[in-house]
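Engineer: I would like the entire structure built from these sequences, with the hints used as guidance.
Residue numbers (the numbering used here), protein chains in the order written: chain A, 1 to 372; chain B, 1 to 372.
Treat the hints as calculated values from the structure; they're not laboratory data. Check before you lean on any hint, since a few could be wrong.
Any copy, or any two copies together, can satisfy a pair, since identical chains are not distinguished.
[As the list claims (entries may be wrong)] Calculated lysine-lysine pairs in the PhoX-like style (CA-CA distance at most 25 Å, straight line):
hint: 1; residue 1: Lys297; residue 2: Lys262
hint: 2; residue 1: Lys261; residue 2: Lys297
hint: 3; residue 1: Lys262; residue 2: Lys322
hint: 4; residue 1: Lys53; residue 2: Lys261
hint: 5; residue 1: Lys210; residue 2: Lys305
hint: 6; residue 1: Lys199; residue 2: Lys261
hint: 7; residue 1: Lys322; residue 2: Lys53
There are 2 protein chains.
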Amino acid sequence: MSPTTAEPTAVLSANFTPKSLAELDTPALMVDLSAMERNIARMAAFFKDKPAKARPHSKTHKTPQIALRQIAAGAIGVTCAKLDEAEVMLRAGVPSVLIANQVVGPFKTARAARLARLGELILSVDSAENVRELDAAAAREGQPLNVIIEVDVGMDRSGTRTPQETLELAKLIRGLPNLRFRGLMGYEGHAVMIPERDKRAEAARLANSKLVSHAEYLRANRVEVEIVSAGGSGTWEMAGSHPGITEVQMGSWVTMDAHYKKIIPEFENALTVLCTVISRPSPERAILDCGMKAITKDFELPVVKDGGAEVISLSEEHCKLKLTSRELAIGDRVELIPSHGCTTFNLHNELFVVKDNEVVDVWPVAARGGFH
Amino acid sequence: MSPTTAEPTAVLSANFTPKSLAELDTPALMVDLSAMERNIARMAAFFKDKPAKARPHSKTHKTPQIALRQIAAGAIGVTCAKLDEAEVMLRAGVPSVLIANQVVGPFKTARAARLARLGELILSVDSAENVRELDAAAAREGQPLNVIIEVDVGMDRSGTRTPQETLELAKLIRGLPNLRFRGLMGYEGHAVMIPERDKRAEAARLANSKLVSHAEYLRANRVEVEIVSAGGSGTWEMAGSHPGITEVQMGSWVTMDAHYKKIIPEFENALTVLCTVISRPSPERAILDCGMKAITKDFELPVVKDGGAEVISLSEEHCKLKLTSRELAIGDRVELIPSHGCTTFNLHNELFVVKDNEVVDVWPVAARGGFH
Numbered sequence: 001m002s003p004t005t006a007e008p009t010a011v012l013s014a015n016f017t018p019k020s021l022a023e024l025d026t027p028a029l030m031v032d033l034s035a036m037e038r039n040i041a042r043m044a045a046f047f048k049d050k051p052a053k054a055r056p057h058s059k060t061h062k063t064p065q066i067a068l069r070q071i072a073a074g075a076i077g078v079t080c081a082k083l084d085e086a087e088v089m090l091r092a093g094v095p096s097v098l099i100a101n102q103v104v105g106p107f108k109t110a111r112a113a114r115l116a117r118l119g120e121l122i123l124s125v126d127s128a129e130n131v132r133e134l135d136a137a138a139a140r141e142g143q144p145l146n147v148i149i150e151v152d153v154g155m156d157r158s159g160t161r162t163p164q165e166t167l168e169l170a171k172l173i174r175g176l177p178n179l180r181f182r183g184l185m186g187y188e189g190h191a192v193m194i195p196e197r198d199k200r201a202e203a204a205r206l207a208n209s210k211l212v213s214h215a216e217y218l219r220a221n222r223v224e225v226e227i228v229s230a231g232g233s234g235t236w237e238m239a240g241s242h243p244g245i246t247e248v249q250m251g252s253w254v255t256m257d258a259h260y261k262k263i264i265p266e267f268e269n270a271l272t273v274l275c276t277v278i279s280r281p282s283p284e285r286a287i288l289d290c291g292m293k294a295i296t297k298d299f300e301l302p303v304v305k306d307g308g309a310e311v312i313s314l315s316e317e318h319c320k321l322k323l324t325s326r327e328l329a330i331g332d333r334v335e336l337i338p339s340h341g342c343t344t345f346n347l348h349n350e351l352f353v354v355k356d357n358e359v360v361d362v363w364p365v366a367a368r369g370g371f372h
Numbered sequence: 001m002s003p004t005t006a007e008p009t010a011v012l013s014a015n016f017t018p019k020s021l022a023e024l025d026t027p028a029l030m031v032d033l034s035a036m037e038r039n040i041a042r043m044a045a046f047f048k049d050k051p052a053k054a055r056p057h058s059k060t061h062k063t064p065q066i067a068l069r070q071i072a073a074g075a076i077g078v079t080c081a082k083l084d085e086a087e088v089m090l091r092a093g094v095p096s097v098l099i100a101n102q103v104v105g106p107f108k109t110a111r112a113a114r115l116a117r118l119g120e121l122i123l124s125v126d127s128a129e130n131v132r133e134l135d136a137a138a139a140r141e142g143q144p145l146n147v148i149i150e151v152d153v154g155m156d157r158s159g160t161r162t163p164q165e166t167l168e169l170a171k172l173i174r175g176l177p178n179l180r181f182r183g184l185m186g187y188e189g190h191a192v193m194i195p196e197r198d199k200r201a202e203a204a205r206l207a208n209s210k211l212v213s214h215a216e217y218l219r220a221n222r223v224e225v226e227i228v229s230a231g232g233s234g235t236w237e238m239a240g241s242h243p244g245i246t247e248v249q250m251g252s253w254v255t256m257d258a259h260y261k262k263i264i265p266e267f268e269n270a271l272t273v274l275c276t277v278i279s280r281p282s283p284e285r286a287i288l289d290c291g292m293k294a295i296t297k298d299f300e301l302p303v304v305k306d307g308g309a310e311v312i313s314l315s316e317e318h319c320k321l322k323l324t325s326r327e328l329a330i331g332d333r334v335e336l337i338p339s340h341g342c343t344t345f346n347l348h349n350e351l352f353v354v355k356d357n358e359v360v361d362v363w364p365v366a367a368r369g370g371f372h
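Structural biologist: As structure tokens, this is what we get:
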């Protein structure tokens with residue numbers, strides 16, 4: 001990734017007339033453009049001299065304009081969770097998409113083969129059944145499919161578990177006419193949220209070593225392994241520095257959230273939800289027009305951006321604040337920092353792009369609302 | 001509500017060709033039409049002889065076809081949480097909409113006045129500031145607005161707190177030329193989830209008594225109070241039987257969820273999410289293609305409909321099952337019952353309507369994606 005290739009203003013909409021924050025109805029999902037650009041530059045600087053490349057996870061933002069900025073800064077493509085996201089990213093011009101989940105069933109496998117015509121598409125597999133149905137779908141559509149094997153590196157979720165199992169699946173893939181075996185992936189989801197950096201680094205090292213050992217076992221058995229993909233935002237530097245890892249899949253870092261800020265403080269919180277005070281039922285209480293349908297609490301409660309108040313509960317359409325040192329009147333605006341950006345982006349249709357307290361663009365969260 | 005007025009098949013789409021469940025891609029939000037119709041009939045039978053009327057909360061389903069069935073069974077209108085929902089419901093032909101939240105700020109108040117031309121719209125207020133801006137917006141749009149006062153009946157959220165405060169606000173409203181004072185509402189949100197029926201009934205009784213006492217205080221001061229609206233799914237019978245309550249706002253009952261099923265077992269779980277097994281990493285483990293972006297866990301984890309397996313975790317795009325007595329292969333389908341229907345509907349664009357294991361219609365979750 002080279003920060004010099006980025007053209008930050010190139011993807012701002014030509015016809016958008018800047019407006020003030022006061023002109024936004026609430027709740028509104030906003031990104032601080034300068035803070036996000038600094039996050040992208042920080043990531044790019046790290047990968048500049050590394051053998052590993054960045055393949056940021058776009059499940060976080062689901063927004064092509066963010067993905068294209070990541071590509072412009074040197075990312076080799078994006079990671080996606082599902083075909084709806086992959087389609088949006090491929091159609092937006094992202095050159096390579098890795099789907100980090102299994103693509104299973106007749107609808108999805110046929111669609112994957114059709115989407116593979118739009119650009120490089122790489123699917124992760126962990127079972128013989130899925131491999132065979134992908135080969136059959138690729139044959140029917142006349143479009144070969146790239147696959148990598150997902151290895152369970154300790155999360156106890158999807159993935160092969162032993163080097164022998166990985167090797168057998170790789171041999172099966174290589175024996176099928178319509179699939180191309182590209183490598184391995186693992187996700188150390190059990191490591192990314194460990195608060196202590198030392199413990200997190202050790203858990204990531206163990207996970208990445210397991211993944212690389214599977215790759216080495218395949219190579220020792222004369223199976224070529226090109227891609228070894230791993231990492232999340234909490235372990236981005238660890239995966240990016242681990243010998244043998246070729247790609248890193250981190251997602252949240254680009255716009256960040258209050259939860260990850262405690263784990264990787266090197267990135268800035270660029271994402272907020274602008275809210276309005278709708279009720280002041282008592283001297284220490286303010287109610288905002290923003291609940292779980294606009295900002296999530298699956299990690300923890302959101303955080304009040306400029307302090308002076310604390311979120312004490314979030315119901316479907318209300319956020320209850322305890323005021324500590326801030327005075328708020330009915331109609332005043334408050335910015336909340338989501339605790340979990342990935343699940344909050346998913347609730348919004350649009351991302352308002354803010355620079356120097358002015359709304360300079362609106363980007364569609366284009367892959368929102370896609371389930372498949 | 002009279003069950004005899006319902007025309008259950010009238011709102012099925014004329015041109016939809018029934019298909020099998022196997023023809024649905026997953027995850028897919030589904031409603032069992034017969035179970036939902038029995039829930040509606042049960043509700044209608046209760047309200048048939050009561051002075052109180054049903055005004056079901058449509059924030060749960062956000063689906064006009066469900067609202068219209070509730071109206072056909074005797075509901076006087078719907079409750080909504082915000083203007084985007086109100087607009088969808090009014091445009092679909094719902095005759096009366098009560099917004100149970102405060103509508104604050106220049107965009108929302110102007111829009112409310114414009115929407116009020118489409119049908120009866122009733123807004124809840126709890127502050128002088130909001131009342132004055134609503135009157136000004138109504139004046140500018142040349143459209144009077146109906147308002148009710150929200151009373152805090154014990155939830156410590158929005159709402160006036162003393163009868164004197166309620167009276168002063170009512171007098172302010174009555175003195176403004178463009179507002180029409182219609183009554184009071186309260187939401188006993190602190191009571192609706194109490195598991196023990198006796199304790200729940202007592203908490204509801206206290207809350208409803210407080211609300212009615214405010215209404216009586218206003219009447220004693222020569223302020224007419226037409227509407228006294230209260231209740232949630234956990235307290236629907238209690239609110240519907242409480243002397244002086246004129247409307248009940250319960251939402252979840254119509255399609256239900258796993259959490260409310262423990263509290264109001266008289267309604268059936270009609271709502272499920274159809275999922276596909278994408279990985280079988282170990283003998284007791286199956287992974288589904290359905291995570292927090294298709295089914296929520298803000299109450300608790302979802303429940304496997306036909307048993308034999310237990311949800312042990314839900315990440316963004318994966319559901320991890322522990323298999324107890326069920327055999328599942330890659331590609332098999334599993335139905336999950338959401339723990340919280342209101343937040344799950346909000347994630348989906350479409351509701352697949354199932355009868356006798358056949359998909360008989362697709363209803364748009366039309367108010368999904370509306371934030372304002």
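Engineer: The structure should be examined with respect to each hint, and the outcome stated for every one.
Structural biologist: Here is what the structure says about each hint:
With identical chains, the CA atoms of Lys297 and Lys262 are at most 25 Å apart both within one copy (16 Å) and between copies (23 Å). Taking the shortest alpha-carbon separations for Lys261 and Lys297, both the intra-copy value of 15 Å and the inter-copy value of 23 Å come in at or below 25 Å. For the identical chains of this complex, Lys262 and Lys322 are intra-copy neighbours only, at 22 Å inside a copy versus 32 Å across copies, given an alpha-carbon limit of 25 Å. Proximity of Lys53 and Lys261 under a CA criterion of 25 Å is satisfied intra-copy only: 23 Å inside one chain copy versus 49 Å between copies.
Taking the shortest Cα distances, Lys210 and Lys305 never come within 25 Å of each other, neither inside one copy (40 Å) nor across copies (36 Å). In the homo-oligomer, the alpha carbons of Lys199 and Lys261 lie at most 25 Å apart inside one protomer (17 Å), although the nearest pairing across protomers, at 42 Å, exceeds that limit. Proximity of Lys322 to Lys53 under the C-alpha cut-off of 25 Å is found in neither arrangement, the shortest distances being 44 Å within a copy and 36 Å between copies.
The structure shown violates the earlier hints numbered 5, 7.
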